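Sequence order for the protein chains is S and F. Start counting the first sequence at 1; every next residue gets the next number (our numbering). Start counting the second sequence at 1; every next residue gets the next number (our numbering).
Hints were generated in silico from the structure; no laboratory data involved. All values reported here derive from a predicted model rather than from experimental measurement. All C-beta atoms in this analysis are idealised placements derived from N, C-alpha and C, irrespective of residue type, glycine included. The reader is advised that the hints may include incorrect statements.
To be verified - Taking beta-carbon pairs under 7 Å as the criterion, some of the chain S residues facing chain F (in silico):
#, residue
1, H72
2, Q164
3, Q275
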Amino acid sequence: MTWREIRKNRMAYWFLAPTVVGMVFVHLLPIIQGIWLSFLASRKDNLILYLKAPLPDNGVLGNYKDVLFDPHSPLHAGMMDAVRNTFWYALLVTAGTTLAGLVGALLLNRKFAGRSVARTLFLFPWIVPTYVVGLLWGFMWQQENGIVNILLHDWLHLLPSKPQWLLGPNTLWAIIIPTIWRFWPYSMLMLLAGLQNIPGEVYEAAEIDGASAWQKFRHITFPLLRPVWSVLLLNGMLFNVYSFNIVIMMFGNGAGFPGKNGDLMMTAIFRNSFQMWDFGHGAAMSVLLMIVMLSLVVAWYRIFRKDLGSP
Amino acid sequence: MKKIRNFRLPSALVAGCLVLSMVACKGGKDGSADDSKVTLRLWATPNTSRPKEDLEKLVEAFKAKNPDIDVQVEILDWSAAWTKITTAATSGAGPDVVQLGSTWIASIADIGSLLPVNDVLEQTRKEMGVDSPFVRATYSYMKPLYADSVVSMPWLMDVRPLFYRKDVWQKVGLDIKDATSSWDKYFAALEKIKASKLVIEGQKIEALGMAGKNDWNVVHNIYPWLIGNGGGVVNAEGDSVILDGEKSVQGVLRYLQFIRLGISPKAYLEKTTAQVSAEFDQGRIATWQESSTKLVYLERPVEQGGAGSTYAARNYGTTLPPAGPAGRRLFVGGSQLAIFRSTTHPKEAKALLKFLTTDTSVVLEYCKLSGMAPALRSVFSSPYFSSNENRRLFKDLADYGVPYPAVPYWGELETSILNTHFGNILDIAAEVNGPYDEAKVRNELKVAADQIRALIKDQLEKKPQYVAKLQALKAAR
Numbered sequence: 001m002t003w004r005e006i007r008k009n010r011m012a013y014w015f016l017a018p019t020v021v022g023m024v025f026v027h028l029l030p031i032i033q034g035i036w037l038s039f040l041a042s043r044k045d046n047l048i049l050y051l052k053a054p055l056p057d058n059g060v061l062g063n064y065k066d067v068l069f070d071p072h073s074p075l076h077a078g079m080m081d082a083v084r085n086t087f088w089y090a091l092l093v094t095a096g097t098t099l100a101g102l103v104g105a106l107l108l109n110r111k112f113a114g115r116s117v118a119r120t121l122f123l124f125p126w127i128v129p130t131y132v133v134g135l136l137w138g139f140m141w142q143q144e145n146g147i148v149n150i151l152l153h154d155w156l157h158l159l160p161s162k163p164q165w166l167l168g169p170n171t172l173w174a175i176i177i178p179t180i181w182r183f184w185p186y187s188m189l190m191l192l193a194g195l196q197n198i199p200g201e202v203y204e205a206a207e208i209d210g211a212s213a214w215q216k217f218r219h220i221t222f223p224l225l226r227p228v229w230s231v232l233l234l235n236g237m238l239f240n241v242y243s244f245n246i247v248i249m250m251f252g253n254g255a256g257f258p259g260k261n262g263d264l265m266m267t268a269i270f271r272n273s274f275q276m277w278d279f280g281h282g283a284a285m286s287v288l289l290m291i292v293m294l295s296l297v298v299a300w301y302r303i304f305r306k307d308l309g310s311p
Numbered sequence: 001m002k003k004i005r006n007f008r009l010p011s012a013l014v015a016g017c018l019v020l021s022m023v024a025c026k027g028g029k030d031g032s033a034d035d036s037k038v039t040l041r042l043w044a045t046p047n048t049s050r051p052k053e054d055l056e057k058l059v060e061a062f063k064a065k066n067p068d069i070d071v072q073v074e075i076l077d078w079s080a081a082w083t084k085i086t087t088a089a090t091s092g093a094g095p096d097v098v099q100l101g102s103t104w105i106a107s108i109a110d111i112g113s114l115l116p117v118n119d120v121l122e123q124t125r126k127e128m129g130v131d132s133p134f135v136r137a138t139y140s141y142m143k144p145l146y147a148d149s150v151v152s153m154p155w156l157m158d159v160r161p162l163f164y165r166k167d168v169w170q171k172v173g174l175d176i177k178d179a180t181s182s183w184d185k186y187f188a189a190l191e192k193i194k195a196s197k198l199v200i201e202g203q204k205i206e207a208l209g210m211a212g213k214n215d216w217n218v219v220h221n222i223y224p225w226l227i228g229n230g231g232g233v234v235n236a237e238g239d240s241v242i243l244d245g246e247k248s249v250q251g252v253l254r255y256l257q258f259i260r261l262g263i264s265p266k267a268y269l270e271k272t273t274a275q276v277s278a279e280f281d282q283g284r285i286a287t288w289q290e291s292s293t294k295l296v297y298l299e300r301p302v303e304q305g306g307a308g309s310t311y312a313a314r315n316y317g318t319t320l321p322p323a324g325p326a327g328r329r330l331f332v333g334g335s336q337l338a339i340f341r342s343t344t345h346p347k348e349a350k351a352l353l354k355f356l357t358t359d360t361s362v363v364l365e366y367c368k369l370s371g372m373a374p375a376l377r378s379v380f381s382s383p384y385f386s387s388n389e390n391r392r393l394f395k396d397l398a399d400y401g402v403p404y405p406a407v408p409y410w411g412e413l414e415t416s417i418l419n420t421h422f423g424n425i426l427d428i429a430a431e432v433n434g435p436y437d438e439a440k441v442r443n444e445l446k447v448a449a450d451q452i453r454a455l456i457k458d459q460l461e462k463k464p465q466y467v468a469k470l471q472a473l474k475a476a477r
């Protein structure tokens with residue numbers, strides 16, 4: 001880019017400037033502060049020092065060593081459970097919301113009476129705040145009186161007995177299903193917009209060639225929706241790994257510990273860092289998570305950059 | 001020129017408004033309109049059903065006695081209180097007087113943000129003519145282990161009677177007073193209730209209700225079983241861990257026995273205290289331990305949001321929780337009042353602190369509104385407590401109360417370590433990840449104990465003043 005080109009587009013730069021300044025203050029500076037904090041022994045008794053807190057006794061990387069290797073650190077002890085749960089949670093919620101969104105979008109892309117009403121109704125879960133979702137589903141999962149077990153066991157007789165959803169391995173499902181319920185309308189909306197951008201002539205040509213419904217989906221719909229898939233994948237990955245509200249509201253009205261099977265990265269970091277006033281270790285764990293997420297975003301960009309129109 | 005003239009009047013009006021607003025901004029000592037008045041800010045958590053109105057009404061008498069002092073009441077939600085208070089403590093931008101949960105005191109005092117109030121305590125002792133005007137259990141929270149001064153005054157106490165259904169215990173032919181004289185008798189009695197398979201008013205009766213890990217009472221529920229068996233989490237000085245000692249382990253195992261043998265249904269383990277409490281109100285539970293505030297709810301008519309006329313409310317009684325092998329040692333919590341060091345009106349703040357915590361009629365009135373027990377001993381002699389069958393118990397509950405060790409790291413220890421491992425232990429008892437295995441319980445306690453040891457070691461290494469204080473404490477004992 002030459003100086004002449006910059007001068008030519010200077011008005012555009014002026015328009016961009018407020019956003020850049022905002023991004024620096026809202027994103028960049030807090031990130032730098034967080035990284036800096038991860039090298040400090042920032043605790044309750046020296047909070048007033050903030051970024052001038054002393055270094056950890058075991059060196060500048062002390063917080064990272066504790067989080068990764070110290071078996072007596074509560075952050076380390078619960079980390080493997082939280083990593084495993086977060087992996088499955090993010091994977092299954094992303095897959096579930098995308099699949100449910102696709103089914104919803106394909107249904108709503110057809111012309112039928114009351115389509116507008118159906119579109120509005122389908123969006124309903126998305127307007128319910130996540131903390132309300134967490135609270136409500138917390139009641140719905142109750143073993144004896146919860147509507148889920150009443151439906152599955154008492155009315156539909158699908159289960160031989162009423163399972164416990166809020167304890168043990170089922171806990172993961174108890175947080176995955178409400179999250180899918182909350183977020184699938186977003187996927188549906190995105191995919192519906194994508195479907196409506198596919199020209200009808202393409203399908204007509206395929207029909208003339210004798211393509212089946214599956215072949216049309218496989219060879220037209222699926223590949224042409226690739227830019228939408230890419231955005232949904234990125235969104236799902238980021239939102240779900242950093243998920244917090246639904247879990248904390250379902251289990252957090254007291255101890256804030258959803259158990260080994262439901263603890264996610266964010267709830268683990270919150271409990272062991274914020275509630276302990278141990279910001280150094282919390283920042284270290286957050287930076288580690290950020291590095292992992294950054295790598296995934298880079299990988300995502302490499303895979304999908306052509307779909308996004310990037311050279 | 002004419003255009004400029006047209007702007008003269010509006011400009012003059014704007015300027016006039018600005019001058020007036022600047023005059024209005026110049027207020028009293030704290031920005032209040034009245035120059036002669038001192039305004040105190042009081043932060044409190046919701047203790048009654050109408051927290052702000054009730055507390056404001058309570059301080060009216062103080063304001064009448066002290067016309068130069070105004071009190072602004074601000075209510076903090078329990079869930080946000082810890083964060084707001086610690087932020088205020090570290091930033092120095094807090095209120096004058098603050099309500100603190102008793103287990104928070106040592107932690108906040110450790111930051112150095114609480115004003116010493118030894119003089120308030122001394123004055124109270126002198127005026128009342130007694131050396132111990134407050135319940136014994138509150139003294140460690142007034143002057144935490146590593147603090148040099150008295151930093152708070154006790155206000156309200158969270159005591160937890162055993163609520164029981166008189167009709168159920170009678171039908172099974174059991175005397176609850178006798179049954180609670182020891183853990184063995186208590187266990188046998190509850191087993192008998194379970195075996196009787198009673199159905200009353202169409203409700204199957206469970207012998208006992210115990211909430212699970214999705215609750216803020218996890219540690220409060222299990223702790224009495226540790227200390228009742230002669231164990232605990234840490235020793236009295238808070239520098240040695242006894243959680244994985246045999247007495248503590250056996251205490252936990254006794255607690256779990258109620259779940260394992262179905263005396264308290266496993267389904268209750270996914271419920272909170274409020275949810276199991278509702279089961280009691282609906283007549284499904286024979287025995288249930290909860291904060292004394294439940295009495296207010298059981299006495300309040302249904303149309304006012306209580307459970308007043310329900311079958312359970314007509315047939316309940318209260319008694320002391322069971323005594324363990326090491327004696328009757330009960331959980332006791334509650335709230336203290338303290339003054340932030342940042343206050344600019346220490347004299348007035350101390351006057352308010354003294355008024356709220358040592359004026360018998362004020363404390364009594366607030367206990368009536370909140371349903372909690374007083375920390376001020378003289379209040380127990382009021383007919384409100386002494387002539388009521390259920391509330392008469394409060395004094396004993398308070399006297400049997402054993403506070404948590406008032407060490408600055410208790411908050412971290414309880415929140416992060418105990419909640420997690422006790423939660424895992426409850427999962428083991430619920431058999432959600434396979435059959436019950438005592439070795440797994442012992443392992444959880446061992447891991448928790450090791451984490452607490454690491455925490456204490458870290459604290460003592462970083463704060464040499466703790467070590468000196470500890471040595472002095474041990475020498476004194």
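Interface hint status, H72 of chain S versus chain F (Cβ within 7 Å): holds (4 Å)
Hint validity - Q275 of chain S Cβ closer than 7 Å to any chain F Cβ: Because about 5 Å separates Q275 of chain S from the closest Cβ in chain F, which is inside the 7 Å limit, the hint holds.
Interface hint status, Q164 of chain S versus chain F (Cβ within 7 Å): Cβ of Q164 of chain S sits 6 Å from chain F, so the hint holds.
Checked against the numbered hints above, the structure violates none of them.
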